[in-house]
Each structure stands twice: as C-alpha cells, then as structure tokens.
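Number of protein chains: 2
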Amino acid sequence: MADFELIERLRMPAQTKIVQLVLDGLGGLPRELDGKTELEAAATPNLDALAARSQLGLAVPVRPGVTPGSGPAHLSLFGYDPLEYDVGRGVLSALGIGFDLHPEDIAARGNFCTIDERGLITDRRAGRIPTEFGQKLTALLGAIDLPGVQVFVETEKEYRFVLVLRPAAGQTLHANIADTDPQRTGVPSLPAVAQDGASEATAQLVNDWVAAARIILKDHAPANSVNLRGFAKDPGFPRFPDVYGLRGAAIATYPMYKGVAKLVGMDVLPVAGEAVEDEVETLREYWDRYDYFFFHVKKTDSAGEDGDFERKAQVIEHVDEAVVPAILALDPDVMIVTGDHSTPAALKSHSWHPVPTLLWSRFCCWDGVGEFGERACGRGSLGVFPAADEMQLALGHALRLNKYGA
Amino acid sequence: MADFELIERLRMPAQTKIVQLVLDGLGGLPRELDGKTELEAAATPNLDALAARSQLGLAVPVRPGVTPGSGPAHLSLFGYDPLEYDVGRGVLSALGIGFDLHPEDIAARGNFCTIDERGLITDRRAGRIPTEFGQKLTALLGAIDLPGVQVFVETEKEYRFVLVLRPAAGQTLHANIADTDPQRTGVPSLPAVAQDGASEATAQLVNDWVAAARIILKDHAPANSVNLRGFAKDPGFPRFPDVYGLRGAAIATYPMYKGVAKLVGMDVLPVAGEAVEDEVETLREYWDRYDYFFFHVKKTDSAGEDGDFERKAQVIEHVDEAVVPAILALDPDVMIVTGDHSTPAALKSHSWHPVPTLLWSRFCCWDGVGEFGERACGRGSLGVFPAADEMQLALGHALRLNKYGA
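Chains A and B supply the protein sequences, listed in that same order. In terms of the working numbering, the first sequence opens at residue 68 and continues consecutively. In terms of the working numbering, the second sequence opens at residue 68 and continues consecutively.
A hint or two may mislead.
All copies of an identical chain are treated as equivalent in the list; a pair is satisfied when it fits inside any one copy or across any two copies.
Stated by the list, open to error - In silico lysine to any residue, SDA-like type, Cα no more than 20 Å apart, as pairs:
id: 1; residue 1: K300; residue 2: L207
id: 2; residue 1: K470; residue 2: S369
id: 3; residue 1: K470; residue 2: E72
id: 4; residue 1: K470; residue 2: R192
id: 5; residue 1: K415; residue 2: G472
id: 6; residue 1: K224; residue 2: K470
id: 7; residue 1: K103; residue 2: R446
id: 8; residue 1: K329; residue 2: V133
id: 9; residue 1: K103; residue 2: V436
id: 10; residue 1: K300; residue 2: H241
id: 11; residue 1: K329; residue 2: L466
id: 12; residue 1: K470; residue 2: L150
id: 13; residue 1: K470; residue 2: E151
id: 14; residue 1: K415; residue 2: L468
id: 15; residue 1: K329; residue 2: E223
id: 16; residue 1: K470; residue 2: D212
id: 17; residue 1: K470; residue 2: G297
id: 18; residue 1: K103; residue 2: C432
id: 19; residue 1: K300; residue 2: Y471
id: 20; residue 1: K300; residue 2: V218
id: 21; residue 1: K415; residue 2: A473
id: 22; residue 1: K103; residue 2: Q262
id: 23; residue 1: K470; residue 2: T134
FYI, nobody ran anything at the bench for these hints, they're computed from the structure.
Start from the sequences, fold in the hints, and give me the full structure.
Listed below in structure tokens is the structure:
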C-alpha cells in the first residue's frame with residue numbers, strides 16, 4: 068500500500084496527469100457457454116489496444132480471499148490500506164446516502180426490527196419492510212428532540228437507516244459506544260453502553276433517543292423497534308492532496324463513491340446526469356484544474372449484483388466505446404483501468420476475486436498482450452498486487468517521486 | 068525482505084556456494100524500432116540457456132513506484148530493507164568515493180555554492196564547477212584544523228565533496244545535526260544546529276569549519292561558500308557474515324559498490340583492472356575462500372545513464388560472453404542474475420521499474436523459458452517480488468536453512 072511517509076519524503080511537483088478509471092465490480096467469473104468472464108466476453112477493442120501498450124495484473128482489494136464492501140475497496144484504490152484506515156459503519160452509511168457529515172457529527176447505522184410483547188427481538192430486519200415504509204418511519208423519528216444536539220434520521224434502504232447526532236457549537240460528542248444490536252433474535256436489544264468515560268454522556272443521549280423511538284414505533288409492527296450499530300465519527304484520514312501532492316477530483320454519480328472521495332479530501336465534481344457520457348463531459352471541463360481524476364462507473368456492479376452477465380458485458384462495452392477513447396484523447400500521462408472489487412454475475416454479489424487491472428504510461432514496459440481480461444491480467448507483469456499500491460505506482464510513472472537515497 | 072531473526076534460527080552450515088551477478092541498472096524500456104528492451108535486444112545465448120533452467124521474475128528494489136539510489140538498491144539485494152536500514156547521505160557519499168570510513172567518523176555531503184555580498188545563496192551548485200576546480204578547492208580546505216579532530220575534505224564530483232571529521236582516540240562525535248543547506252536560493256546558509264544535546268559540541272566544530280572555509284573560499288567565486296547536509300555515522304548494520312553464516316565477498320570496481328558491501332561486513336576483494344575479465348579473474352582466485360560472491364558490473368548503468376541503448380545492449384552481450392560461462396564453469400550451487408535497479412536508456416536515469424531476475428540452482432523448478440528479458444521475467448514463476456527476498460531464497464536453494472517447525 069502507499070507508504071505516506073515515504074511519499075511525503077520523495078514527492079516532487081510535476082505537470083503530469085493521472086486518471087484512475089474504476090469500473091465498479093469489474094472482475095467476474097467464467098460462464099458455462101465458453102468459459103469467458105464478463106470482461107472477456109465483452110467486445111472491447113479500445114481497452115484491448117490500450118492493454119497491448121500497458122502492464123497488466125490482478126489487484127487484491129483488501130487481503131487475499133477477503134470480499135470488500137464499497138467503502139474499503141475504494142479506500143484501497145486511493146492508497147489507504149482499509150485495515151489500517153478503518154471507517155466506522157455509521158460513517159460509511161452516512162456517506163452511502165450522501166449525507167453531508169460534519170467532522171464533529173456522530174453517525175450510527177440503524178435497523179428497524181420487530182420485538183414481541185416481552186421486548187425480545189423476533190426479526191432483526193422488521194420483515195424487510197419496503198423503503199417507502201422506512202421513509203415514513205424515519206420522518207416520524209425525525210420529531211425526536213435531544214437536548215443540545217441536532218438529530219438527523221435518514222432512510223438508507225428498506226429497514227436500514229442512518230442516525231446522526233450533531234453537537235451544538237462548542238460541544239463534543241464521543242463515539243466509543245457499543246452496538247445495541249445483539250446480532251440475534253430471542254433476546255432484547257442492548258442498551259448503548261459507553262466504552263470509555265468520555266462517551267458516557269453521548270451514550271445517555273442515544274439511550275434517550277431509542278426510548279423515544281420505541282414509543283413512536285409502538286404501533287408500527289413489524290417495525291416496532293430499532294437497533295443501532297457502528298457509532299463513529301469522520302475518522303480524519305490524511306488528506307489525498309496533502310499525501311500525494313495531487314489536486315484530486317472525483318467524478319461519480321452515486322452517493323457512496325462521492326462520499327468516500329470526500330472522506331479523503333478529494334473535490335467531488337458536479338456531473339449533469341447519470342450517464343457515463345455526462346461523466347466524460349465533467350472530465351473534459353475540469354481537465355486543466357486537477358492532476359488526478361477518480362472516474363467511477365457504477366453500472367458494471369449493478370448488473371453483476373443482478374446476476375446479469377450479458378448486461379454487465381454490455382456496460383463494459385459501452386465504457387470501452389464512450390469513455391476510454393475520450394479519456395485518452397485528453398492525453399493523460401498515466402491511466403489505470405481497474406475495479407474496486409469483483410462482482411461476478413455468477414455470485415450476484417461482491418466477491419474476493421482480485422480485479423483485472425491495466426496500467427498505462429509513457430514509461431511502462433508494456434506486456435504486449437492485446438487483451439484486457441481476467442486471464443490476460445493473471446499472466447501480467449504487475450503480478451497479483453495490493454490495489455493499495457496503485458497510487459504509488461502511478462506517482463512513479465507520472466515522474467512525481469524523487470529518487471530514494473543516493 | 069530477509070528476516071534476520073528467522074534466518075538466525077534456521078541457518079545451518081553447508082559447503083554450497085552462491086553467486087549474485089548484479090548488472091547495474093539492468094532493467095530497461097522498449098525501443099521504438101521493435102519494442103524490445105536493451106536486455107531483450109542483446110544477443111545473450113548463455114543467459115538464455117541459463118534462463119531455460121531457471122526461475123524468472125521481476126525484483127522490486129525498494130517499493131512499487133519508487134526509484135532507488137545505488138546505496139539502497141544494493142542493500143536490498145543483500146537482504147537489508149532499505150527503508151529499515153537507512154544510510155545517511157554523508158556516509159553514502161563517503162562510500163561512493165571509496166573513503167575508508169571508521170565507525171567513529173562523522174561524514175557530511177558538501178556542496179560548493181555561490182553567495183552574494185550580503186551572504187545570500189545565488190547558486191546552490193556553484194555554476195557546476197569542473198571536478199578539477201573542485202579538487203583544487205578541497206585541497207585548500209584540507210588546511211583547516213579543528214581542535215581534537217582529524218578533518219578530511221575529498222572531492223566527489225564537480226561541486227560535490229565529502230567532509231569527514233574523525234575524533235581523537237577516546238573522544239566521541241555526534242551526528243544529529245541539521246543540514247546547513249536551505250535547499251533554495253535568495254537566503255543565507257543555515258548554521259549547523261544540533262538536534263540533541265549530545266551533538267552540540269560537534270555542531271560547534273562544524274560551524275567553526277564552515278567559517279574557516281568561507282574565509283579561504285572568499286575569492287574563489289562562483290565557489291565562494293559551502294553547504295553541508297546528511298551528517299551521519301556508519302549506521303552499524305548487522306554484519307552479512309553473521310546474519311547469513313556466509314563468508315561473503317564483493318567483486319566490484321567502483322567505490323560506491325565496494326563501500327556498500329563493506330558497510331554490511333563483506334570482504335572487498337582486489338581486482339586488477341576495470342574490465343569484467345579482471346573481475347572474473349578475482350572470482351576464480353578467491354573461489355575456494357568464500358561462500359557468497361557479489362559480482363558487480365557497472366557499465367550497464369553508465370550506458371543507460373548516457374541514454375545509449377546500443378551500448379547498454381553491448382555491455383550485456385559482453386557479460387553474457389565473458390562472465391556468465393566463466394561463473395558457471397566454477398560450478399556454483401546457486402546463481403542469481405539481476406540488477407540493483409533499472410536504468411532505461413529512454414529515461415537516462417535510474418527508474419522505479421522492477422528488475423529482470425533469474426535464479427538458478429540444482430533444485431529450482433525451472434520455468435523452461437529460454438529467454439532472459441523483462442517480458443519473459445514478467446511471466447516468470449518468481450513473480451513480482453521484493454529484491455530484498457533474494458538472499459533468503461538463495462539460502463534455501465543452497466540448502467542452508469533448516470526446516471521451520473516440526
């Protein structure tokens with residue numbers, strides 16, 4: 068992974084530009100028909116031509132065998148080892164819905180749940196109520212006032228919501244609070260217990276909020292109670308521009324990815340619509356103002372999650388046609404094409420498989436393999452490498468690192 | 068990197084011999100003509116035949132994307148992680164000119180510079196004065212006496228020199244002193260400031276020396292002042308023979324490489340001339356007396372630094388003909404062919420690219436690829452691996468490590 072201390076010692080100014088094109092959930096698995104993966108089955112003349120002049124490899128998002136969530140997977144692409152740079156669940160949920168989290172806020176992930184007349188949990192997901200019902204309930208919960216703090220309750224999806232407590236100016240909240248979710252049924256929810264002295268007052272506020280929420284939800288079974296977990300603040304990571312000396316910008320259309328980029332201090336650029344063409348337009352417009360662009364494509368992952376092999380291949384083909392040549396036309400100095408993790412249609416979910424990745428620069432010793440796919444990358448000269456190395460490699464190829472030692 | 072504790076636990080005596088043939092700056096980049104690198108373009112029948120019976124891979128000198136200097140790059144080949152085993156600039160410079168540094172000496176890298184009548188630096192490199200002029204000036208500075216220490220001033224190259232202070236018997240100098248070089252022009256040089264109490268007396272000596280130097284240099288513009296940086300002592304690393312249980316010898320013709328070998332406690336063997344044939348002669352002569360030989364070839368790097376693709380390929384061809392068969396004729400048990408870093412002619416400098424490497428032993432599961440080059444190594448079974456692993460691998464292949472655990 069990126070060694071921030073080393074980079075601070077070695078980095079030097081340059082005019083070079085780096086683009087990291089991230090096709091979410093890019094990696095796949097072979098289909099029965101012909102043994103090809105989604106990426107291999109897709110017709111990608113532009114990526115194949117670029118691959119011929121690139122180094123190929125397989126990027127490991129977190130650790131071998133470990134399936135990452137979107138937050139850690141992206142932190143890794145940005146050079147932050149996700150095991151070292153741990154983001155609390157509450158903060159990830161807040162980022163995921165695009166909540167404008169302030170540094171002093173405390174966020175927790177909430178689940179509506181069902182309790183019986185004795186207060187014992189019978190369903191930890193409240194019968195997976197529809198999102199619309201969840202939204203109605205969070206609106207009701209928004210009426211709960213707590214002394215000295217602003218309270219936000221926002222629906223994430225279905226039975227999931229986010230609770231954010233924002234202290235009054237000059238006040239401080241503390242997030243070292245254990246989950247109230249016992250992670251099983253047949254038992255009552257746990258009280259919010261402070262794990263240190265400083266967090267006791269905040270834990271009391273949380274318990275007051277839960278008590279008020281239960282009264283409001285009493286007659287709304289199956290969503291007649293709540294569990295909370297992952298109390299956390301913005302962890303205050305080293306900022307991407309400070310670490311790398313790069314003016315970094317994110318081009319993405321979904322809240323989670325904008326959120327993670329913002330968490331590390333990138334500027335999140337406006338995109339006119341949801342289409343990759345809109346994202347390309349943003350890239351063109353801001354090209355001169357940044358040194359590094361994180362360019363995120365969401366729909367590969369969505370298709371993989373839906374188990375739709377064909378659609379995932381089509382999304383890749385569309386990126387090949389509408390995005391890759393447009394980026395190259397801007398004449399970047401380093402271009403990486405990768406994914407944050409694999410989402411094989413065969414699994415309908417994120418997976419642990421390392422992600423096909425190409426690195427192009429004017430100074431790369433290209434493998435000469437004119438094909439971008441899992442198998443080609445498995446034989447590539449980047450080898451199987453930590454995704455968190457990509458930024459350091461990119462800095463080298465962008466001539467942005469001084470020599471180490473004489 | 069080599070795990071010294073583990074090796075100490077496992078190592079066992081053996082009669083086996085290891086040769087590490089280091090072609091300085093071996094790694095290159097493709098040329099326009101046919102997409103071949105220097106090593107690929109060179110006709111190397113002996114290396115190719117050896118490759119067919121070897122494992123191939125790409126060695127990362129320091130960290131992905133990081134370009135190493137010669138000192139750190141060689142430490143890595145010897146199994147010392149250069150980020151952990153950090154050598155001060157002054158010591159590296161002293162080693163680079165072949166200065167016989169004693170453990171108690173303090174060395175600093177010096178630069179002649181130009182100052183104006185107000186004492187502000189106008190040129191940090193004194194107009195890059197020729198080496199001969201630098202030598203004349205260091206001879207003048209050699210006249211400066213300091214109480215209780217011996218002072219050495221030696222030209223490195225052009226405006227660069229090395230200052231060494233050697234304490235009288237029983238005395239101790241301390242090197243925790245900040246650079247006097249402000250790293251920019253338009254400001255005066257900084258005084259030598261001790262970073263701890265113990266270094267105060269030494270800092271005072273340095274300031275006295277600088278004051279005396281300025282008086283001597285007053286009329287020698289553009290070299291009318293000096294800056295000093297990288298105050299350091301021999302860091303006292305674990306000794307190569309102790310760590311590995313190998314009688315280790317270095318065969319090299321340039322001061323820097325002899326110096327780094329000496330720094331880790333290898334014996335530096337005499338070589339009659341500058342040619343690789345002279346080095347081979349030394350290897351033959353001392354073959355029975357050592358278990359490990361570091362065999363260094365300089366001219367690959369020099370040709371790369373000159374941007375001369377053809378000459379670099381020719382040096383490689385010459386090594387293939389004059390060195391490789393001669394080493395194999397001595398019947399080593401393990402032979403590694405590698406470089407300390409890449410020096411692509413296209414970049415005319417050291418670079419961050421991993422280095423083509425082959426490892427041959429009687430017990431290696433050879434890749435069966437009869438070609439030694441960047442691309443062949445990029446597909447090799449050693450993968451992309453830290454150069455600092457080579458010694459530990461070599462010990463294994465030399466049957467010099469016991470089983471770990473029962």
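| task | Identify every previously stated hint that the structure contradicts and give their numbers, smallest first. | result | Of the numbered hints, 1, 8, 11, 16, 22 do not hold.
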